[in-house]
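Q: Please dock the two separately framed chains into a single complex, following the hints provided.
The residues making up each chain are set out below.
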Amino acid sequence: MLIRLNVNGEWREADVWPGSSLLAMLRDDLGLWGTKNACEQGECGSCSVWLDGDLVCSCLVLAAQAEGRMVETVESLGREGALHPVQAAFLEAGAVQCGFCTPGFEVAVADLLRHDAHPTDETIREALSGNLCRCTGYQKIVDAVHVAADRMGEVAP
Amino acid sequence: MPVTDRIAEAGKGAIVGVSAPRVDGTPKVLGEFAYGSDLWVEGMLHGATVRSPHPSARVRHVDVSGALAMPGVRHAMTAADLPAGRRYGLDYADQPVLAEDVVRYAGEPVAIVAADSAEEARAAAAAVRVDYEVLPAVTDMEAALRPDAPPVSERGNVLRHVRIEHGDPEAEADVWVEGYYEVGMQDQAPLGPEAGLAIPAADGGVDLYVSTQWLHSDQKQIAPCVGLPESKVRLHLAGVGGAFGAREDVHMHIHACLLALATGRPVKMTYGREESFFGHVHRHPARIWVRTGARRDGMLVNCRVRLLLDGGAYTSSSPAVVLNASTFAPGPYEVPNALIEGTCVYTNNPPAGAMRGFGAVQVCVAHEAQMDRLAAALDMDPVELRLKNVLHTGSVLPTGQVIHGSAPAREVLERCVALPMPSDLPAAFRDRVTLPGGAGNVGRGEHVRRGVGYALGYKNIAYSEGYDDSSEARVRLERGPHGVVATVHSAAVEVGQGLQTVLAQIVRTELGVDEVVQMGADTEVGSAGSTSASRQTVMAGGAVAAACSRVREHLFARAAARSHAGATLAGPLRLADGRVFAGDVAIGVVADLLDPPLEATEVYRHRPTARLDGRGQGDPHVMFAFGAMRAVVEVDLDLGLVRVVQLGGVQDVGKALNPRGVEGQIEGGAAQGLGLALLEEIQLRDGKIANASFTDYLLPTILDMPPVVSAIVEEPEPGSPYGAKGVGEGATIVATAAVAAALRDATGRELSRVPVTPDDLVGISGPRTSAGPAPIPDVPGPRPVYEYR
Ligand code: FES
Ligand code: FES
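Going down the list, the sequences are from chains A and B. Take 1 as the starting number for the first sequence in the numbering used here and just add one per residue. Take 1 as the starting number for the second sequence in the numbering used here and just add one per residue.
Watch out, some of these pointers could steer you wrong.
Cβ-Cβ distance ranges computed for the label pairs, FRET-style [to be verified]: (1) A:Met1 to B:Glu154: 50 to 56 Å; (2) A:Gln41 to B:Glu750: 31 to 37 Å; (3) A:Gln41 to B:His482: 43 to 49 Å; (4) B:Lys232 to A:Gln41: 37 to 43 Å; (5) A:Glu67 to B:Pro151: 54 to 60 Å; (6) B:Leu135 to A:Gly42: 36 to 42 Å; (7) B:Ser65 to A:Gly42: 33 to 39 Å; (8) B:Ser770 to A:Gly42: 37 to 43 Å; (9) B:Glu42 to A:Ala64: 23 to 29 Å; (10) B:Glu42 to A:Gln41: 27 to 33 Å; (11) B:Glu154 to A:Arg79: 54 to 60 Å; (12) B:Ser770 to A:Ala64: 52 to 58 Å.
Honestly, the hints are just simulated from the structure, not real lab data. We put the CB at the ideal spot given by N, CA and C, even for glycine.
Same shape as in the complex, but just chain B (with noise of 0.2 Å):
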């Protein structure tokens, strides 16, 4: 097999708690770590996509007969070859696996190819005719609310709304202020590309070796496109390059899987970096519209919300992206009164999905500038204000749901504040790499303006509204060559985040034992979830940790009966230094008791959550993480050009369990929120995108990002694995409000969008506005689309 199956463990003695090093660095700084692009079998094929060019256009007719003529081409399929289900989605399968009657995104999946090469697939790929008829489009997020847009969808072009009443909506206030804000539409770039390999098997099934974030809702959406029953699609992790929600859809799975079975032959398909800019979902670009009412004093009273996001063609994940924006608009602050309307339409612009703080981002950017601005209009320190309305245990949300775990946000403020500030060196005695535009050698500091800005943001936790979230793990205690063996073996996901590390150190800590091994994770065993909405520490990690406190008993108990048949305890059972103690009393050796090996499996959920009624009232959210942000900025006043100077971020992980993965993900999260303040934007022209590649589209280097201070608040989150929540957002949620922030404050501008350009920090392109809110659409409540059949 192509895969590495067992991860080799390093990092012995690493408990709970400790900065362990990675259970994985050593195959991946020498090279070795096989990723999904690395797959490689003999025998196979390559895969390819020919993709719509048109982002919205009937299509006639497809003619692979010129591709399948080609030298060393296998195989073609279109819509008319499938053999089984012609649809798949994450929870609502409306995606075709090749286009059918019509195409409803630029960069849609039109027909497949096999070739013995990739060039060959390729040229392939490029040789197949289609035929079609070009129809209006729906390329703006207001647009397609309009009475005449064409319908993108079956089910018309509202994809969810949420309507969030909260105390009196009409309540007045001492003082309003009023903001547009706009988003961009960012992409997650993981640098690893969507590849995988399928290899047909001899009971008629298939293997897909696949970087992904989530192996069973991948299987439960291939099996029916493939005709195929779920046990007879068994997927198995591939190495993954990254992540951050671009691979929580399915990309190339099915096609590679279809071709496999149709060719007899295994199929790799791996994108390029332009490929890959149209074979997965992106961030959800966002028109927030508000109004936020304080008393004279400082203490909110109301606040009015009205957000659109553009879900794109198809609805990925888009119903619960709008609900978080929905939930989590008026931001980390009690406010008594509320009225929130959050929409989320389809389009035919490329479809828009999970990333990395899915939907708190977007609000994160407005609710934060509104914040500066009532600071202003108040007369008042922006942190102060923040810390006079900021959300605490017993705080009531605008749905009405009462946080009863941790939420630990005026430390989180309060730390942030109290980080080290960088130096202010002036520019005549700094490298001029330090200086904005001085990298590039057009800057020297001239007329720089240093500006600060804070922000604050929240996020949940594991899936929300009633959604059955769990999470499976094996483990097994064993006596191996050299001592006790402990092997897990979970099918969550690692993505780079370093999971896999902190379930080795959750089974040394629960088991005693040295040695951990894990088996690659796979469909083998029962469903993880998915690595995403930071929850596999607390949802992966309670499994494995229930599985090894379940191996412990049956250890305890075979330990009690052959040592003291009968006879009484001297105490409570524990384990140390290899030995299972009953009180100071040793009662046996571990590795005596292991004939035979001790095995569990156990399922980990959270605490159970509940769906929002049709006034937006309920219990969605399971618990949630706070985070905060202070960028440290300078702008060169004459060239719009920025150098952050410094990011400062501090988040509230319940308990760290890895210190040192908790500040990669800190940093690392800072590094997108950066990304989307100044560069990062995915630009359509007319429903295409027009900046598919690295050269165009823009991720932060080294150069563009500061150093980064940061500090952990650790208040434990009653009820969960070692008091833990999640780690993987925080940072991200509120990097790009923060960036915003300070250059507001270096420039004086409102800049109302993000990413903020040199124009517009120079005056050459004035704040976003708006003829007005968007209108509400009339559909029913707060529910998932999937329902409003």
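Next up, chain A with everything else stripped away, as it sits in the complex (with noise of 0.2 Å):
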């Protein structure tokens, strides 16, 4: 079935299984492998984007229901030579061992930071609990956390 869908921006369309996923379109059909499978059961959140500005777990959305809608994803938040804040501060604090967790992480914690602008370790970790890091033990997460949001602080008048 054909699904067309605005994609960081840009409307994108695919001739998609009608039992795919919007995580197997953007991957696999899109070309947006950014986005990473970690699980397919929403235990993991290795797959998160924002669906209309909502969080969501790409895995379990049917690429059916996110038609004509916009999606976000950790390709939108920087590029080389201009990270976003969040992607800056997992560099900076050390948050990143293998990295398959790093995309949804950041998409995470950025929006987190989108509804509170200076969480305390407790929100943190609330808010960050549906997503799976095998490596790191958290620790440098929560610390890249706090690195965005003071960077985030200093931009903003």
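A: The structure is reproduced here in structure tokens:
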């Protein structure tokens, strides 16, 4: 079936299998493999994207449900030479090891900071409890959120 | 090519000893780093695997005709279609590429298919008809040793038995404590699934891009099974999303190569999460019986250990795991007399193999519980008891091996005790997320008790028992458009631990260059050995340092020859600020000395080790790294819910080449240890995995993991590059035991099994009991199983 949606500001379409998830469409049909697949059950958050501005697990959304809607992925955050403050903070804090969880975490952290510019440790842990990381033990991810919050606070007037 | 071949360099100027930023950091934060599951090439097919639902069965007939008739399906293969070798394995090739006459575990591959799309391939796999005759299965490790147990392997059910006799094993003690411990089956659960892409080549060979831990071992196992010389099976590393031992064994490699060669098309295979649980080996479940004897003053006298590991259906790395478990069974303590009897058995359970900590994790759960028990029996402080007996340089181990290298176990434990404690604000004043059950809104901290536990442990670095463990690296120094560039080529695998960053730091340190380019890891350069056993900092690092030093020698020779032909140089040559100096006199500019470029290839080997003899005596291990952990927990005594409040880890690393990288290893390793203590267990029902998903197999989330405080102990290892030891396993070894100790402290219960459950904590289920130690199998000495034939 033909699905048309707006990804990172651009209208894209693809002919997908009716059972296809939004995650599969992004990765396999649109070539946006920054969004990761580690469980396809909504347990790991590796596939986090925004759908009409709401944080979702794209593995739990049918591509068909996203028809005509706005999707933002990790690719919308930054690019080489112009990293998003959350991406820069992950590097600076040493929050990246294998990096497989990183895109999903970055999207979730950016979403958290949209809603709460200076979250406490407890708020951070609650907000990120849907994202699994097997490498870091999460300590440096919490650090990265604080770094990003400080950085974004400096930029804001 | 779909793979990033060179990784651009970040962190200029970062030499050995500083916390350099990751060289692969930018592509990873941008989502541009290509993992195995991200590979794509025009016209590729998708492979899928048909797996046995039975732990033990005869395969009467496999019918792929229905699958082949389905839309998009291009090929199907069973054991009857295999072109060449039929079995593979790390050191002992006993695992069928596709099941032949019998299947030995639930999940064993029986057939493979290739189709135009992943959905079509999966549908075709489901349409393959297999006629099984179900056979009795051995699904319990003690049952495997019964005389009437059906033989799982052609060699019977004893995979390996290790016997270590030390001093007088009958020596009497003033005080004895006795314990029985069980460790469940843990999954490595790297977030990146098993994945790779095989591309048939014009020369009749195949190129495999794969997420793995050791390219050359894979190559050696694949080639005979696809009927090609090793030179025609070329491996290239795809991005690796974590490994922890799960990628040490071959998984989809041979299947994808077979399908690619048969169809003449590229074939990609990616496991979903469920298949991943069936597609790799797991941590060995263990049963451990220990009697520890001491003098009244706390000095250990005797340690008697019987341990049993469930190796599952095939050999994998079990021979080395049971050696490790046996040699480390008494813990990092001097004990003058010991008898250690370690057995690993074959069963019809899923194969067990490498996982971070490799045998040392299981015995740490037992030896540390024993030390706490002994301390209680002697009415002594548990830390003090450990410090009385702790190993040091010069100590003699139960194998007779003398520790000649660094062994700062005392300092590691003392630093751990000195780490800052968490605040102990009463429950009423705290965010409910920080209370046991608080995040799930089921607890308000009414009946919460805090407990503190310590664990000390140690483990070998690199491969043991006389293994010829080598690592090759090539370094080239040349003039680039923006100055001098060093290019490194090593087959050592980056799994996320930060190896490539460390290698770049080494090059900068040795050659004084800023720009370091790393070629993708592949089989075009010699083997670097496995990314396991915490060995690559030492091994790949040693090889890169050696190649750099050879390049520097050539550079100095050229500088000397060109500048002062025949004249006496003003002092020893050195590199500084892009120039070669003789004493204080600059004799050449590096950039001007690189026509033609300089290149060197070097192989690094650690000191040789020796196997154990019939009494378990020898010199099996290269060097040792020590770790300590303090766990502070809170238990809701009514609900059996736990909140780990803080983990404090100290690790002995010889020299921290990248201190922040070391911290990351301590924190991540602590999380995996916490998982085994509280959450993570593969549930087997009659040999079948019952919880093959992240919904049912629970990994620690950010709510389960507390803050980690850590410290690094640097006591250089003599003879090792920069004095470094390995970094990857120290925290994992001790974290499980530390959390268990803290839970015992909080509840006063025995808690003899990990993972500890809420039922254990409130006393609904009592401590695990045993009718007595497992019998000693009737097999010769401590040799690896493949020598029994
Ligand atoms: S892949 Fe979507 S939550 Fe794991
Ligand atoms: S960095 Fe590997 S899973 Fe998070």
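Q: Now tell me if each hint is right for this structure.
A: Each hint, compared with the structure:
1. A:Met1 to B:Glu154: 50 to 56 Å: With a Cβ separation near 52 Å, A:Met1 and B:Glu154 satisfy 50 to 56 Å, so the hint holds.
2. A:Gln41 to B:Glu750: 31 to 37 Å: 36 Å, holds
3. A:Gln41 to B:His482: 43 to 49 Å: 47 Å, holds
4. B:Lys232 to A:Gln41: 37 to 43 Å: 40 Å, holds
5. A:Glu67 to B:Pro151: 54 to 60 Å: With a Cβ separation near 58 Å, A:Glu67 and B:Pro151 satisfy 54 to 60 Å, so the hint holds.
6. B:Leu135 to A:Gly42: 36 to 42 Å: Given range 36 to 42 Å: holds, Cβ gap about 38 Å.
7. B:Ser65 to A:Gly42: 33 to 39 Å: The hint (33 to 39 Å, Cβ to Cβ) holds, given that B:Ser65 and A:Gly42 are roughly 37 Å apart.
8. B:Ser770 to A:Gly42: 37 to 43 Å: 40 Å, holds
9. B:Glu42 to A:Ala64: 23 to 29 Å: 27 Å, holds
10. B:Glu42 to A:Gln41: 27 to 33 Å: 31 Å, holds
11. B:Glu154 to A:Arg79: 54 to 60 Å: 57 Å, holds
12. B:Ser770 to A:Ala64: 52 to 58 Å: With a Cβ separation near 56 Å, B:Ser770 and A:Ala64 satisfy 52 to 58 Å, so the hint holds.
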